[in-house]
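Asker: The chain contents come next:
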Amino acid sequence: MYLKSQANSIKNMLKIENLKASVDDKSILKGLNLQVNAGEVHAIMGPNGAGKSTLANIIAGKEEYEVNQGTIELNGEDISELAPEERAHIGVFLSFQYPVEIPGVSVTNFIKTAINENRKAKGLEEMPAKNMLKMIREKSELLEIDRKFLSRSLNEGFSGGEKKRNEIFQMAMLEPKLAILDETDSGLDIDALRIVANGVNKLKSKDNAVIVITHYQRLLDYIVPDFVHVLHDGKIVKTGDASLALELEAKGYDWIKEEVIS
Amino acid sequence: MSKYTEDDLREELKTKEYEYGFYTDIESETFAKGLNEDVVRAISKKKNEPEWMTDWRIEAFRVWSKMKEPEWANVSYKKPEFQEIAYYSAPKQKPKLNSIDEVDPDLLATFEKLGISLEEQKRLANVAVDIVIDSVSVATTFKKTLGEKGIIFMPMSEAIQEHPELIKKYLGTVIPTSDNFYAALNSAVFSDGSFCYIPKGVRCPMELSTYFRINEGGTGQFERTLVVADEGSFVSYLEGCTAPSRDENQLHAAVVELIALDDAEIKYSTVQNWYPGNSEGKGGVYNFVTKRGLCETNAKISWTQVETGSAITWKYPSCILKGNNSVGEFYSIAVTNNYQQADTGTKMIHLGKNTKSTIISKGISAGKSQNSYRGLVQINSRAENARNFSQCDSLLMGNKCGAHTFPYIEVKNKTAQVEHEATTSKIGEEQLFYCNQRGIDTEKAIALIVNGFSKEVLNKLPMEFAVEAQKLLEISLEGSVG
Chain A
55 MYLKSQANSI
65 KNMLKIENLK
75 ASVDDKSILK
85 GLNLQVNAGE
95 VHAIMGPNGA
105 GKSTLANIIA
115 GKEEYEVNQG
125 TIELNGEDIS
135 ELAPEERAHI
145 GVFLSFQYPV
155 EIPGVSVTNF
165 IKTAINENRK
175 AKGLEEMPAK
185 NMLKMIREKS
195 ELLEIDRKFL
205 SRSLNEGFSG
215 GEKKRNEIFQ
225 MAMLEPKLAI
235 LDETDSGLDI
245 DALRIVANGV
255 NKLKSKDNAV
265 IVITHYQRLL
275 DYIVPDFVHV
285 LHDGKIVKTG
295 DASLALELEA
305 KGYDWIKEEV
315 IS
Chain B
194 MSKYTEDDLR
204 EELKTKEYEY
214 GFYTDIESET
224 FAKGLNEDVV
234 RAISKKKNEP
244 EWMTDWRIEA
254 FRVWSKMKEP
264 EWANVSYKKP
274 EFQEIAYYSA
284 PKQKPKLNSI
294 DEVDPDLLAT
304 FEKLGISLEE
314 QKRLANVAVD
324 IVIDSVSVAT
334 TFKKTLGEKG
344 IIFMPMSEAI
354 QEHPELIKKY
364 LGTVIPTSDN
374 FYAALNSAVF
384 SDGSFCYIPK
394 GVRCPMELST
404 YFRINEGGTG
414 QFERTLVVAD
424 EGSFVSYLEG
434 CTAPSRDENQ
444 LHAAVVELIA
454 LDDAEIKYST
464 VQNWYPGNSE
474 GKGGVYNFVT
484 KRGLCETNAK
494 ISWTQVETGS
504 AITWKYPSCI
514 LKGNNSVGEF
524 YSIAVTNNYQ
534 QADTGTKMIH
544 LGKNTKSTII
554 SKGISAGKSQ
564 NSYRGLVQIN
574 SRAENARNFS
584 QCDSLLMGNK
594 CGAHTFPYIE
604 VKNKTAQVEH
614 EATTSKIGEE
624 QLFYCNQRGI
634 DTEKAIALIV
644 NGFSKEVLNK
654 LPMEFAVEAQ
664 KLLEISLEGS
674 VG
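Line by line, the protein sequences give chains A and B.
The first sequence runs 55 to 316 under the numbering used here.
The second sequence runs 194 to 675 under the numbering used here.
No lab work stands behind these hints: they were computed from the structure.
Incorrect hints may appear among the rest.
[To be verified] In the DSSO-like style, the derived pairs of lysine-lysine whose C-alpha atoms are separated by at most 30 Å in a straight line are:
{"#": "1", "chain 1": "B", "residue 1": "Lys261", "chain 2": "A", "residue 2": "Lys116"}
{"#": "2", "chain 1": "A", "residue 1": "Lys166", "chain 2": "B", "residue 2": "Lys648"}
{"#": "3", "chain 1": "A", "residue 1": "Lys184", "chain 2": "B", "residue 2": "Lys648"}
{"#": "4", "chain 1": "B", "residue 1": "Lys619", "chain 2": "A", "residue 2": "Lys116"}
{"#": "5", "chain 1": "A", "residue 1": "Lys184", "chain 2": "B", "residue 2": "Lys619"}
{"#": "6", "chain 1": "B", "residue 1": "Lys664", "chain 2": "A", "residue 2": "Lys202"}
{"#": "7", "chain 1": "B", "residue 1": "Lys362", "chain 2": "A", "residue 2": "Lys116"}
{"#": "8", "chain 1": "B", "residue 1": "Lys362", "chain 2": "B", "residue 2": "Lys393"}
Note that the structure is a prediction, hence the values are computed from the model and not measured.
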């Protein structure tokens, strides 16, 4: 596993080195290292408060988090100074744990705006309406999304499952290089989980990568990771393959904590 | 971070000149400043008005002289010096114009800057424009097409000459000269405006549109509009305005009266973009407007307004639901930024049985502005089964602005059903980050969120106006997030 990773290391898609970050002067990430290559799926697991969501938000560029030390590179480019929208334009996508409501803005209008803003940033013309509609139809079918759903106000009155499905729908539309799924499994019943996971699997290719942040093994039954990392107290303390997730499921996190201390 | 910050945005907005802040150098004839009976007579004489009209103005002036400026609105400003205002200004005109070719080329250039050149308007079709520049109408189009249907759409000054019977019958019947301080002032000195009459059973085949502009520095603008929809007729009327940038405050006190006779319907839409003053709150238009409509049996009046301009706005488009089964609607978006102050809303007066009214008000405040909704729903004792639904939503940007709601409800009939809903929300960092993460920059995100917030009202505007209104919302709020 490590050998494979190192062989490709010249062409790391995401490379985080010694990342230290804080929010409101509280230190959260304490020297985190992570390398993700194109075509890989990484799972990040860990107990509450380990810094999982912080990591997701920092990669996406949320302003309230301060990077104190270390680097974040995407395809060899340091992105830590880029605004969130600029990171989005070069292919970073975050599926939010708690997607926000935007009343009066339909799912369709929102994604249309997002796609055209991304195209504008790349110097492209707006996507013709015909192509847009075709793409919306294809991707909504992939995620078994009802057409009526597309004209509803973004996330307003959505069930937990609908919100998460909508996140993955947006991911399907935007075709990111690096997708970070922050607890996408929370609030999903088993059917919705299967639909969302199938969607992610179909979108996977050798050119993109996925980071799955989760508490539980459940989602990993469907989206099988190449690597599983355990995040504890702001650092990745253990890395393994898919079997590590099963072990964590069976034994909990305490043994890892003990292992770290000793 | 190299990020384009909110402060950068704010700076950019401050230096951004008012989009339509140019000034056209058209020779104009302006009266000396000040107001007295002689000035009122002179205005009337200048316009070659019949004696009854002069008398009407004089009476209004006498009423106004005894009135005091209203102070109940939630706005504060230095009161205009009414003796420092010139009450008449007209572009010096060549004798009667028969075609556009004869219009002052500078004037045509102004229209082009505004994107409303007559040539273009003609091609665009379906919009007849009665352009009012500095108080006197200089061009009227589509008159002929409308004439074939018996529709009258002309400057008020011409209507007084050509249709005195209609003017005498309806002018001041919905808003009497003594109604309020600004209405009385307008009645005494109104310079021009539009008159529209739709005959019985006629459906006006196009949107009727008027563009207003204040052009001469220091000149008050007193527009007078009267729309009469005879029995069973329908008309959709658009009013839009832009004003050039001026340092001194400009007073604007318009009066709009709508009369919908039995089974008639009037849809009146406004996009208001008067100069709001600069980022320090200097300059800007004072907009004190009286708008009211009267509904007879089964009639319907619908007011839709998008208010983005003016330093001070004082405006309550209202409906008197006199006839049984009549319907009144008020859809409003009011945006305030920097130091703008708006006190706006509506009055729905239910007199007839089964009358119905709907109020949807969306207030958006940014910068250091104050935005107030003030609305009255009055159900009178004979108004059996009257119904009202009111919804007032406020959206705040930053923490230096204010949103206020003053709903007044007076019910004198037990069968009434009155509902009032109100919400206040704030554009949050989380919403912006969510949009940013999808590749939408902050400015575009605000536009998106604001358009979503305003959607119910934008949807009520005629298509071509809705597009303009959306653009205006974006321009008005650029860089205003806090």
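Asker: Mind listing which of the numbered hints don't hold for this structure, in increasing order?
Answerer: Numbers 1, 5, 7, in rising order.
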